[in-house]
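S.K.: The chain contents come next:
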Amino acid sequence: MMIEVSNLTKRYAGNTAVSDLSFTVKSGEVVGLLGPNGAGKSTTMRILSCFIPATSGSARVSGLDVFTQADDVRRRIGYMPENNPLHPDMRVREYLRFRARLKGLGRSRTRQRVEAVIAQCGLTDVSKRIIGQLSKGYRQRVGLADALVHEPELIILDEPTIGLDPSQIRVVRQLIKELAQRHTVLISSHILPEVEMTCNRVMIMREGRILAADTPENLEKSMGRSGHIIAEIAAPVEELRACWDQMPEIAHYNIAPAEGEYHRCSLTAAGSEDLRPKIFAAVRQREWKLRELFRLRHSLEDVYIRLTRPESEEESH
Amino acid sequence: MQAYMTLTRRELGSFFYSWIGYVVIAGAVFLTGLSFVILLDKLQGEATQLPITEIFLSLCFWLILLFSSPIITMRLFAMEKYSGTFETLMTAPVSDLSVVLAKFTAALVFYMVLWVPLLACILILGCFSNGSNLMDAGTLGSTYLGIFLLGALYMSIGCFASSLTRNQIVAAMISFAAGLAFFLASYLSDQLAVEKTWQVETLNSICILEQMKDFARGVVDTRYIVFYLTVSAFFLFLTYRVIESRRWK
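Protein chains in written order, with the working numbering: chain A, 6 to 322; chain B, 2 to 250.
By construction, these hints were calculated from the structure, which means they are not laboratory data. All C-beta atoms, glycine included, are put in the ideal place defined by N, C-alpha and C. Some hints could be false.
Just so you have them, the derived chain B footprint on chain A, three or more residues with Cβ under 8 Å [to be verified]: (1) 94-103; (2) 182-194; (3) 238-244.
Only some residues are given here: those of chain A computed to face chain B with a beta carbon under 10 Å [unchecked claim]: (4) Asp77; (5) Val78; (6) Tyr84; (7) Leu91; (8) Leu197; (9) Glu201.
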């Protein structure tokens with residue numbers, strides 16, 4: 006077990022950031038902490054990385070307690086804080102070398118690892134530039150390289166793609182995916198596609214508690230309504246109606262005109278069966294033209310919005 | 002130990018990455034040079050019984066000490082807290098104590114760099130004067146010991162001030178005020194020296210003005226050394242507690 010958190014509570018002067026949090030992360034997992042701002046994601050990560058202690062409860066990283074064995078835990082963790090703070094006055098290679106030495110790597114090991122992470126994070130072209138003059142995407146990669154430089158078992162990234170443009174996000178996301186092959190990764194985000202694409206388990210947090218924790222697919226499934234099909238077919242409305250009425254698998258349907266001779270049919274299955282092959286067979290038998298056929302998926306977004314919506318419906322900021 | 006050395010080097014380097022380091026050095030060199038000119042002017046006029054170092058220091062020492070210490074120390078912790086790098090620093094496997102000591106060491110080493118020009122001035126003076134007893138290695142050594150000890154005191158006060166806040170200006174103000182208070186207290190004891198009440202006695206024992214004069218004369222009093230080392234250690238201990246306080250806040 007890489008991370009074991011049990012009954013973790015953190016109170017700041019009066020308000021509770023994390024309350025009675027318990028979860029575990031297995032070795033090799035990529036877990037996303039998802040939640041609106043102020044849900045307690047950063048606090049949880051700061052406690053795990055031994056920056057601040059918890060008010061009560063315990064947290065262990067690969068069997069070591071984060072309060073009593075902080076030094077050993079820090080050696081095993083690569084942590085990138087929110088907003089990725091760096092020394093803007095240093096050059097990229099120089100900074101990474103400094104960080105590697107600070108984390109206790111020997112001289113030759115430092116040289117070797119710094120070159121390795123520079124190559125891994127695509128920093129070769131900018132390795133001599135001053136960090137303060139780099140674009141945000143490159144800075145984010147420098148932060149990632151720093152988190153990786155001492156080959157930690159666990160990598161904790163707090164909002165790794167915040168403030169990046171779409172192409173930079175894609176690059177960083179790709180990097181995280183590569184990391185997942187060799188390390189255990191804990192990512193926080195309030196952007197859904199982020200965790201949906203990179204994580205194999207998602208924990209949704211709100212007000213310091215975990216509301217749901219499962220794989221993205223299972224969370225989606227828990228929303229139900231998986232048998233919703235959309236088909237665009239070129240056929241007269243009456244014939245379509247007759248056809249759908251014949252099929253007992255279809256609970257109800259709706260037909261709307263699309264461009265030209267096409268009609269857009271949305272069909273709901275009666276059972277959990279996948280209707281698509283049957284619809285295709287029916288279309289082919291009648292020699293209609295079919296230009297689109299897909300199953301409507303409920304994105305994680307629906308789960309997220311449903312779970313994190315405050316009871317009062319009013320967002321308090 | 003490796004973390005301490007790495008951090009010290011980085012902190013020392015950061016004085017030279019930014020303009021602050023060069024500005025402080027330029028200011029110190031200017032003041033040293035100015036007092037060198039004044040000193041030469043004086044020496045041409047009349048003979049003096051005082052050691053060269055004492056005349057030298059009475060001119061520029063206090064200005065450099067009072068103004069350079071807040072500027073050197075203000076960014077140590079305040080800037081790291083402000084920019085957030087404090088978090089990456091404290092989540093690396095380094096102890097709080099080595100962070101405090103590394104920053105203090107870097108500040109002190111940089112401060113000592115400011116006093117290299119003084120050495121050059123004195124050497125030049127030695128070369129061009131015919132009296133062989135003008136330059137006494139012992140006096141020079143004790144002067145530099147005094148400069149070092151007072152520097153340690155002021156740098157530790159600056160470290161403490163910087164650890165209290167995330168605003169560099171506030172840190173500089175606090176350490177300047179504290180340093181000036183120390184200076185003024187000893188100035189006051191100089192003025193009150195005639196009476197012998199316990200207040201005056203207390204002030205006398207922390208009279209950095211007199212103590213520095215002694216060092217510049219070549220007098221090394223172990224009481225002074227102990228005084229500076231313990232007070233510096235005390236302020237470093239306070240800094241350490243402030244840094245550690247995030248664990249129990």
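S.K.: Does each hint hold? Answer for all of them.
M.R.: Here is what the structure says about each hint:
no. : hint    : verdict
1   : 94-103  : holds (count 3)
2   : 182-194 : violated (count 0)
3   : 238-244 : violated (count 0)
4   : Asp77   : 8 Å, holds
5   : Val78   : 9 Å, holds
6   : Tyr84   : 5 Å, holds
7   : Leu91   : 7 Å, holds
8   : Leu197  : 26 Å, violated
9   : Glu201  : 28 Å, violated
Hints 2, 3, 8 and 9, counting from the list given before, are not met by this structure.
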